[in-house]
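The task is to assemble the complex, starting from two chains supplied on their own in separate frames and drawing on the hints.
Protein chains in written order, with this note's numbering: chain B, 577 to 918; chain X, 208 to 494.
The hints are simulated quantities; they were obtained by calculation from the structure and are not laboratory data.
Honestly, I wouldn't trust all of these hints.
To be verified - From the derived model, a few chain B residues whose C-beta atoms are all more than 10 Å from chain X:
| id | residue |
| --- | --- |
| 1 | K590 |
| 2 | W602 |
| 3 | V612 |
| 4 | F678 |
| 5 | T717 |
| 6 | I738 |
| 7 | L745 |
| 8 | V810 |
| 9 | V843 |
| 10 | V855 |
As the list claims (entries may be wrong) - A few chain B residues facing chain X, derived, Cβ under 10 Å:
| id | residue |
| --- | --- |
| 11 | M581 |
| 12 | L584 |
| 13 | L687 |
| 14 | C698 |
| 15 | F701 |
| 16 | I702 |
| 17 | I827 |
| 18 | R862 |
| 19 | I875 |
| 20 | L893 |
Glycine residues also receive a C-beta, built at the ideal position from the N, C-alpha and C atoms.
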Amino acid sequence: MDRVMNFLASPAMKVVLLVAAILFPWVAASEYQIYVMALAFVWAIAVYGLNIITGYCGQLNLAHGGFFAIGAYAVGLLTVDYGWAFWPAFIAAGVLGAFFGFLVGVVSLRLKEHYFAIFTLCVGFIIYLLIEKWEELTHGTLGVISIAPPEGFGLVDFTETIPFYYLVLFFLVLAIWLISRISRSLVGRTFLAIRISDDLAQSLGINLMRNKVLAFVLSTTYAGLAGALLAGVVRFIGPDLAEITHTFDVITYLLVGGIGTLMGPLVGTLLITWITQAVQSFEEYRMIVFGPLLVVLVIFMPKGIVGTFLTWRGRRLASKAPARRAESRVGDSSDGNQGEAG
Amino acid sequence: MDAFLQQALNGLTLGSIYGLVALGLTLVYGILHVPNFAHGALYMVGAYISYFIMVEHGLNYWVAMLGAGLVVALLSVLCERLVFHPLRHAPPIHDKIAAIGILLFLEALVQMHWGADFRRMPTPYTEIFHFGSLTLPAQRLLIIVGAFSLMGALHLYLKKTMTGSTIIAMAQNREGAFLVGIDANRVAMMTFAIAGFLAAVGATLFAPINLVYPAMGHLVIMKAFVIIILGGMGSIPGAIVGGLIIGFAEALGGYYLSGTYKDLIAFVLLVAILSIKPTGLFTKGVR
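Bound conformation, chain X alone (with noise of 0.2 Å):
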């Protein structure tokens, strides 16, 4: 039992982070219905941003995180200025090739300006906190209450601001938002900022338990998809509890079925939904 628990806990901690990077992919689908593939980079970007304000200019932490946060945010309105604005109206291949372009440059670039070395990212929160027989580092904890409170802060914003409730409005219908005199351009950069920023601060949160390094966003991002489609593209809550779901399903199966194939469990679990109901789990209609 305690061991169960102990990778719930985990579990936990894993889905939190995962959410947080589908939620800004969930985001960036509704409003333009383009899987953002460089996602994955912008997360790894804020990553080594975050590791090189700590690392080299010796600021605190969660300095190092704002600013990671804010220069991908800015990053990412320029992939949307740049790359996905020019692209709305060209055919649905497109944007996702496009998307990987920027993705491969990306990694390209910061394995040529920082190397391609591993990198473990300094946390001023070393204590190990003991519950019972639970063990709980505090930098774990620092992840799910972090991750936690800025989903309910984004929550708070879309719905409680004018500008947030624009982000929604254009979510769920983007003709009725014109109609109504919503700007489009204001609203995708707004979104792509947001994805942006809760991709950095997801990363600078997660990097301290795991590695920097130029690869680190492959697995984040795909399993950022494979939540999205599990909670059903463009949906918010579907990203939380999608990313609770595969957090929950990757810490047991690797405790309980095999820990070298962990990585394994959520492309299965997808292929497994997907097999039964093509249009995801939680998706309301035909798309």
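Just chain B, with the same shape it has in the complex (with noise of 0.2 Å):
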């Protein structure tokens, strides 16, 4: 049992994770599951750029459907309506993405908990508002069709699932090794102290403004790209992609998981997007599940399967070695920051 889960933590189990990523394709039992599993990778991004300000940074941020929007709209519009490539277009929507982030940053990150809540809610709402009445920029309700999927310089063909499926795992695994980069950096510690209090970090002299604008740029940046990527893929997108109901998904994606964890958002889109596709039928009303399902984790799971499952494994090492602790302790430093940030 121990071992099982010290292999589940241990940075092997990630190099185990990415060969099954890879050998996916192979093993799938149709290219229908492998587009579903690129379409979960690509809400996994967006995922883990919420985790940034909402998990590390203790932020509810519910306009991030928006800044996704934001990002696929960017691909959508440059490409159709300019005649833009497709990368030139990804660049300038991860761009935009941090652009308006910042602006939005930096007039609600002065705001606290609930104002923050309720002022990016609006931005959200304002977002979807534009793209489905700025008709002569977006095509209003229309959406966009026939985007131009990302061009392989003759080398792969990206509208095949299969190549656009290996793209897509790509800028995940970019994503999440970013992610454990900055969260076992000065910056990541920082953004902890944060959101375990604004007060305190700010007596250890944190800036906290700039500090949140960062985190904040981030993840838009993250739900930018995402989005550009989910253009690339589908290739027709309509304004109900800023509803606040995707935002309302990816919250989800990351409670199940594990807020504020390495892993979590992974699992948590993985996990959720599967059980959805096994129950083809209940899409639609998905949310009568998923709505009790966030309530009954905020209540009893606040941590998530991989915060919890971290938790757990702590309480358990430190119970059965008190003699090691100490040695543990400095040993499992890697694995230690995960656990603390459940």
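The structure is reproduced here in structure tokens:
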């Protein structure tokens, strides 16, 4: 039992996951499954973005779906209406995500807790209304069709599902790697300090505003890039992308997996995507289950799957080896920060 | 000038509904410090219950309103007992997420049970009054009179009765309220019941000049949030004044600026206000 647990939390597990992800197209039953997996990876990148500001930094951002839509629309409109190629538009999506994130962040992050959540809820709604009503720019309710796929420079064809799957996988791994670097750095620790207490962090000499804006811009950049990838794979987008339900989906993924943990966003997104897929007819009414699930989770299991697992393992380790406690703390410091983050 | 007065009248109608919804929200915030995102869903459920009491059971408008008010009040208390009460000591992010969970659940449930169609609620009051060049449909008059009499009744309840005073006391100072022996659970349940009742009555008043559909609460609740931020979270007069400000801004802005973007006005106003004064317009001191 302990060996299983240690393995699950070890770096080797990440290699196993990566190998499994690389081999997935060979074991998948149909191309459709690969497609679903690629979509899940795209959403997972967005969830990682939300995890930075909400999980590590403790600010509930309810405009995340809006920034996701900004990224998707940047790619859609630049490629369809302005004749850009996918990759420049992809970069533009990231830049726009960061730019709008900065604008919104500078204003909204001066607000605390409830005010911030309500403010971002309104920002998300403004984004949605603008996309829906500003027909000259966004095509309104018609949406944007036949978006350019990522060009493979003659080497690969990203309109095929399998090459696109690997492309998304590459970005997902990059995203997770970057987050793991950030969460272990001084910046990541600073975010945690802010989540634990604004006042305490400030009295430690942390510049609240600068760090919060940094976390927010990082998270909206992730959202923008994830949206851009979605536009590249689905190649049709409509204003419903900016609807608040997508933000709530992302929050559900994050909470189920484990808010503030490194692997939580991935676990939550994959689990819920596949459960939803398993009961297809259920898609439209998924909130009948997800709604109460959210409530039950925050009451009984607020740390999510990964967070609960890490806490449980931490307790077991601590009680089993009191003599080795000091040693294991030093040795486990890399995993330890995930535990604390949970 | 006539156009202005006509729009001002429309603004008054909108504002009194917004005020009614915002009142419930601000009461709950004052007691529990929870921004109840599920409040819009309660509003929506209220409209549906009235609609079905009237259309399927053929009962009177007023009976439907009362029935919806009671059912939603019960539902609201249930939310408090099952969700917000267990979470009262949790970190602030949790009760917000739980509130969102309730919102999603109620919306999906209504959509599954009654479908996503837009419905028009019948009203027994279809006359149109003319005052000079101004026109005022009876339903709008009913909204204004109904909303303000409810606000008046709530004011009397809070100021003149013992149970009302306990709500005020707890909003002013939790510890102080406990010290004088006020039962926090009772006050919380009472507040949620009042909030739910106001939301359902507001929805029943407003639905005949609007439509009934599962997402009908979205805009209203977000505007109610804008209102209570404007008026100061937890402030009762603030909610009423804020509701009127947003109502007038929307009616006049929609007429003079742009009809397409009129729903944006409230949010742009919020962004502008919070950019200048991060704690809201009428709040005293720092939270």
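Review point. Among all the numbered hints in the text so far, which are the ones the structure does not match?
Key: 11, 12 and 20
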